[in-house]
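Visitor: Residues per chain are reported as follows:
There are 2 protein chains.
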Amino acid sequence: MERYDFRTKRLFVEVPLAAGRQVEASPGQSNYLFNVLRLKAGDHVLLFNGADGEWRAELAPAGRRGCRLTVTDQTRPQSPASDLWYLFAPLRQARLDYMAQKAVEMGAGALLPVITAHTQVGRLNMARMRANAIEAAEQCGVLSLPEIGEPRPLNQVLAGWPAGRHLVFCDETPDAADPLAALKPLRGWPLAVLVGPEGGFSADERDRLRALPFVTPVALGPRILRADTAAVAALALVQALAGDWRAAPARVPDS
Amino acid sequence: MERYDFRTKRLFVEVPLAAGRQVEASPGQSNYLFNVLRLKAGDHVLLFNGADGEWRAELAPAGRRGCRLTVTDQTRPQSPASDLWYLFAPLRQARLDYMAQKAVEMGAGALLPVITAHTQVGRLNMARMRANAIEAAEQCGVLSLPEIGEPRPLNQVLAGWPAGRHLVFCDETPDAADPLAALKPLRGWPLAVLVGPEGGFSADERDRLRALPFVTPVALGPRILRADTAAVAALALVQALAGDWRAAPARVPDS
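Which chain is which? The protein sequence lines are A and B, in order. Throughout, the numbering used here is defined as the position within the first sequence, counted from one, plus 554. Throughout, the numbering used here is defined as the position within the second sequence, counted from one, plus 554.
Hint data in this document are derived by calculation from the structure and do not stem from the laboratory. It cannot be assumed that every hint is accurate.
Which copy is meant is left open, so a pair is good if it fits within one copy or across any two.
Unchecked claim - Below 20 Å or equal to it, Euclidean Cα-Cα: the simulated EDC-like pairs (lysine to aspartate or glutamate) are: (1) 563 - 726; (2) 594 - 732; (3) 738 - 568; (4) 594 - 612; (5) 563 - 627; (6) 563 - 752.
Whole structure, please, built from the sequences with the hints as guidance.
Guide: As structure tokens, this is what we get:
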């Protein structure tokens, strides 16, 4: 994947992108570009919409406070969306914001909230999670937004698990395997990572998960990690061992 | 390493610990134990001081608002301090708080701030960094506080680098090696991890680092990671491949 110039501001837009198109920035974007970043007419930003790749665009004022972006040339073609699923128990808002941003930075293609026995947060602000995902995508350079699922009970998610996808279960029990040894056989398969709530998984949940043929338990070391730390740590191991951090790309999943 | 009961509150104290000793909780600790956690006389907490292991202690009110902790029995012997150094360019306070906590959770034994060409923060609140390290240690179960260094220029740190310790340099350039392949030869050696500022390293710094015999550059994937994300990701890879996340413990360093 070609790296983009991270000094140039990237904006997610929800319109088609092609050379010569004109895009009206939202009031929030206009204010950010002109008043926060202090960009001027003629300056450039990068635009992406999750479908058409990344494009350079030139700023011009429009109306009293608006901003028109004229698309000039493509800087990167659209890359395939990540097929890595990230399943997590919702956390309280500040850590949840953080975790959603981190999961996108780490290359998760889907953010899938699951309700577990010890989950302390039931309702999710989906718009806020999407805003966090957009902010992270703009910052870290991915060209696709992750899919964001509605919260579902863990048992329901496991009952309907798709064939051929392996689930990396971040287990707190010390007998869970050495993470690298456990992950190595998963190389090339469609993967998902499951991180539990701050209270951990219940004994029943742990037993059920460990009994499932598509589940691989991994231990994240001898210390208790906060859920948002475990998210980054687990995704780092999965990306490095079986994902897009390797020299060779992961196999394109069949499903 | 035996796991501790993470439902029991752990407190770092700066007095010797042994059976029968009485420890006066600080006003902040007393308020936290009685008014936030709503613990009562006779309830237990765990105490550690970085030297004597972890001990169970029983609460009793002392004076008008104070709390006396009577040490009863040892729950874990003192474990050796981590020899993993974490070198980082200071960030703005909120992310710095977060990064310090995360580095401790990930098992860093030393937090060593380095000033780089693009470092935007010069002065560091050392007391605040120590408070963050204590909070993380209490939460994640380590028995030693990391050493916290004063900020030093990167060049000075590299010039005085100790023989036999390898430095894992989190490089942003895409040609840096596959992280697992790069880290494998470091297994068993005393290690340090270096993460740069939000602006990245300068070309000169990168060239200098890559030319040093004790430096191993690793790439953390195709996306731009925030420095605090890179901290967790890099430490996760190092711990899993060469540190205490493996089934076999890392070699005890000579130095």
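Visitor: Is the C-alpha distance from residue 563 to residue 752 at most 20 Å within one copy, between copies, in both cases, or in neither?
Guide: This pair counts as between: shortest inter-copy Cα distance 14 Å, intra-copy 35 Å.
Visitor: Are the CA atoms of residue 738 and residue 568 at most 20 Å apart within a copy, between copies, both, or neither?
Guide: neither (38 Å within a copy, 43 Å between copies)
Visitor: Quick one: residue 563 to residue 627, C-alpha cut-off 20 Å, is that within a copy, between copies, both, or neither?
Guide: within (15 Å within a copy, 57 Å between copies)
Visitor: Checking residue 594 and residue 732: alpha-carbon separation at most 20 Å within a copy, between copies, both or neither?
Guide: neither (53 Å within a copy, 40 Å between copies)
Visitor: Checking residue 594 and residue 612: alpha-carbon separation at most 20 Å within a copy, between copies, both or neither?
Guide: within (10 Å within a copy, 64 Å between copies)
Visitor: Measure nothing new, just compare the shortest in-copy and cross-copy C-alpha distances for residue 563 and residue 726 to 20 Å and report within, between, both or neither.
Guide: between (39 Å within a copy, 18 Å between copies)
When the structure is compared with the earlier hints, violations turn up for hints 2, 3 and for no others.
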